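*Asks:* One letter stands for each residue in the lines below.
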Amino acid sequence: MRVEVDYDRCEGHGQCEERAPAVFELDDQGFLTHHYEGQDLPVELEDAARGAVAVCPVAALRLVGSP
Amino acid sequence: MTTTATAPRYDADIYTDAALRDPYEHYRALRDLGPAVRLTAHDDAFAVARYDDVKQVLGTPEVFRSAAGIALNEPANAAILGCTLASDGERHAHLRRVVAHRLTPRALRPMREIVVEAADALVADLVARGSFDAVGDLARALPLSIVPDFIGWPEEGREHLLRWAGANFDSFGPLNARAEAALPQCGEMAAYGAALVRDGNVLPGSLGASVLEARDRGEVTDEQCMMLMLDYLAPSLDTTISAVGSAIWLFGTHPAQWERLRAEPELIANAVQEVVRLESPIRGFGRLAAEDTEIGGVPVPAGSRVLVLYAAANRDERHFADPDTFDVARPDALEQLGFGYGEHGCAGQGLAKLEVQALLTALVRVVTRFELGAPERALNNLIRAFASVPVTVHTDRSGAPDHHRR
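Which chain is which? The protein sequence lines are A and B, in order.
Heads up: the first sequence runs through residues 1 to 67, numbered per our numbering.
Heads up: the second sequence runs through residues 1001 to 1406, numbered per our numbering.
Worth flagging that the hints you see were computed from the coordinates, not collected in a lab.
These figures come from a predicted structure and were not determined experimentally.
All C-beta atoms in this analysis are idealised placements derived from N, C-alpha and C, irrespective of residue type, glycine included.
Hints are supplied without guarantee of correctness; some may be wrong.
As the list claims (entries may be wrong) - Under 8 Å between C-beta atoms, here's a sample of chain A residues computed to sit facing chain B:
1) G12
2) H13
3) Q39
4) A54
Bound conformation, chain B alone:
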C-alpha cells in the first residue's frame, strides 16, 4: 500500500440549516476533492462521498466498525452501544437474527394484504378530499397505522413515537444544537423501552413479543431486549415517511415522470428505488476505523471517524449517468445505496418498499397530476425530509383540464 498522500480537507459545516436544506453541492464538492476528505468542522472525520468508496467501506465491516462508530459524537455512540445498528461481527449477526427474520420479504408476505388494503383506503379517502398534506396526511399515516402494531408497541406512548424517532436521528450528527436537544429525548425513549421489557407490555404475536420470547429462552439479555425493542421502531418511521413525501414532491415537480408511471405501472418498484437514490432518506451513517487503513488510496489511521454519505454516493456522476435527473425507468436505480449495503444493509427495506409501492400503486390508478403548494423542509441531522408538502390531486373524474393529456 503506497499511501503517502494526505487527505484533502473541507472546511464547511455540512450540518447548518442551509446545508441540510441543500446538501448536494457540498456532496459534489466532497466527491471532487477525493475518496476520503477531512471535515475540519467536524473533528476531522473522514467524509466518504464517492459510490465505489462508500460501497467498499460498507463492504468491509471488520475494518470500518459500527460499534462506537455510527454517530459523529461520543454521547450518542455511548447511548446506542450494543444495539443492532451499533454492533459488529458475531454479536451483530446474533442480534439481527433475533429480529430480522420477521422483516424479510418472505416473512412479510402475510403483511402484504394488510399494507395494500391500508394504502388503498388511505388514498381513497385523501383523493376524495382533493387537497391534503402529503407528509402529515399520507406519508405519516401509513407507517403509523402499520408499524407500531407490527412491532407491538402498546397504545400508550405512541403519541411520542415520531418525536422520539426524529430525536434518535438528530442525535447521530455532530454535537450541534440539534443533537444536544435530541439526547434527552433519546433517554426518554430508552426509558420507555426499558419499561416495556420490564412489564412485558407488548401486543401478542408482534415482533416485540418474539423479542421477549427470545429473552425468556435466554438468547438475549434484558438490556439487549430493550435495544431490540427500539432498534426497528425509530428507523421504520422517519425513513419511509421521508421517501413518500419526497416521492409526491418529485412527481409533482416532474409531471412527465408521473405520466410515465401511469402508462407503465410495472415501473413502480424501480421508481421507489429511484426516489430513494435521488432523495436518500438517510444521508449517511458513521463508522470507526479499527486499524490503520486506506480509502481509495487515502491513508486513514486507526481510530478515525468515517462519515459514509449514502446520499452523496447516490448522486455520484462516476457511477450514475445524469445523477441529478429523476428517471423512474433508470436502468441501474437498483444499485442505489440509500438502504446501506452489506452486513448492516437495512433490515426493514422489504417493509419500506412494500409501503411506498402500495401507496404509489393506489395513487397511480386515479391521480393524473399532483399540484403542489409550497413545501416546507424538516431539518434533521440525518434524515432528508419534508415537514409538509401541500398538494391538490387531479383525477380523470375531477373535470380538471387533465383530459387532454399528451
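Here chain A stands alone, though its shape is the one from the complex:
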C-alpha cells in the first residue's frame, strides 16, 4: 500500500502529521515531507496512513494499491 500526495492541493494543514507522524512531517517552513514517497508503506504504518488520508481536509492524499 502506498499513499500519494497531490502537492498542488496540499496547503500544509498538518492533520496527516497528527495522525501518522512516522509517515508525514511538516518541515520548518510548513511544507510536507512524505517519508515513503513512491514506496510501499511498512505494514505497521498502514493503519495510521489510512487515518491520515481520512483526515486530510483538502483531500490531497490518496491510497494506492490497497484493498
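Given chain A, work out where chain B should sit, using these hints.
*Replies:* Here is chain B on its own, set in the frame of chain A:
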C-alpha cells in the same frame, strides 16, 4: 448501478425558529430515513445527513457542483455566482490560489504571535472583570481585532461587517423570511466590495492588497476581485464566533471536560475539533447535481438540489461512538466534517483553529470553572450560534469554592 429505489421523503420545515434552535432531532430522523432524503418543504431538495454520504458528495465535486448550488434559493445563487465558494474546477482552483496561499498554516506562522498576544490580552481583561458575555465580549472581540486588518478592510464600513456577514449566511437558506430580509443587505455588502476595488481602498500589505495586485497583473478581473474581497471576510467572522461561543457554553455545561483540559492542555487542539464536530458552526451547504447520479444507492436526477448537512454527519452514530457526547479526548474528533472536505474544504480553518486554540490556551491557565447565565440563541439559516452566553469565570485566585477540585 441498480438504483430503482426512490428517495424517502421528509415533510418538516427544517428552518423554522424551533428547528434552528434544536436541529439535531431532525438530523437524526433524516439519517435514519436514508442516504438521501427529499425535503418536501424545501422544493424537494435532497438532504444528505450520514457521514459517509456527506464525505462522498463533498469528494465528488465534478458531479456535485458548487456553482448555482451553494444556496437553497435562486436569487442567492445568482448573487454569489463566480465567487470562490460558488465556482468549480479550474476556475475555483484559480480563484483559490489567488487568496488561499495567504491563509495556509505555513503562511499564517507570522500571525501566530499576533493572535496569541491578542487572545492573552483579551482574556486577561475579561478574567479581571469576572463576568462578561462570552459571545459579545470574547467570541466577537478576537476575530474582529484580527480579521479585518488581515483582509485589509478600511476602518470605515467595519461597523457593518457582522450584520453583512450574518445576512450573507441567512441568504443561503431556503427563500424564507430570513433569506428575504438578508438579500438586500448582501447587495449592500457587494456594493461596498465593488467600491473597495474601484478605489483601491485597502490596507497595504493585506490579503486585500494582494488581491488588487493580482488584478493589476491581469490574473483576476475586477468582478472576481470584488468577489475575492468578500469571499474570505464573511466566512471568517460568524464561524469562529460561533465556535468560541459554543466552546464556552459546552465547557460551562460540562465542567469535568474543562477539568480534563486544565490537566491536559495538550488536548486543546483536539478539543477545538470536538467543539466544531458537536456544534458545527456551518450546518451545511448546498450542491447542484450536474448529471443523473446516486447517493448511497438513492437515484438523484441531474439538476437536483442537494443539501449537504455537515452538522448531521458530525453526529452520525454510524461513524462516531456516542455522537451526542462532548469528549475533548475523542480519538477521532479530527475526522469531523465541520470545515467541509476536499476541494472546497475551508481555506481559513488554519486561522480559525489558531484563534480558538489561542483563546482556550489563555483561559485554561487561569479559569477553573465557567458559571453560565441564561444563554440566548442567534437564529440564522446557516450558522449555529449563540447571540449571548453570560458567564462568570472562577479562578484559583477568586477565592471561590473551587479550591477543593476533585
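*Asks:* A closest beta-carbon separation below 8 Å is what the hint needs, so does A:H13 meet it against chain B?
*Replies:* Holds. Min distance 6 Å.
*Asks:* Identify whether the interface hint at A:A54 stands, where standing means a beta carbon of chain B within less than 8 Å of its own.
*Replies:* Since chain B brings a Cβ to about 6 Å from A:A54, closer than 8 Å, the hint holds.
*Asks:* Would you settle whether the hint for A:Q39 is holds or violated, based on the nearest Cβ-Cβ distance to chain B being less than 8 Å?
*Replies:* With Cβ-Cβ at 25 Å, over 8 Å, it is violated.
*Asks:* Please check whether A:G12 passes as an interface residue: C-beta within 8 Å of a C-beta belonging to chain B.
*Replies:* Result: holds, 5 Å to nearest chain B Cβ.
When the structure is compared with the earlier hints, a violation turns up for hint 3 alone.
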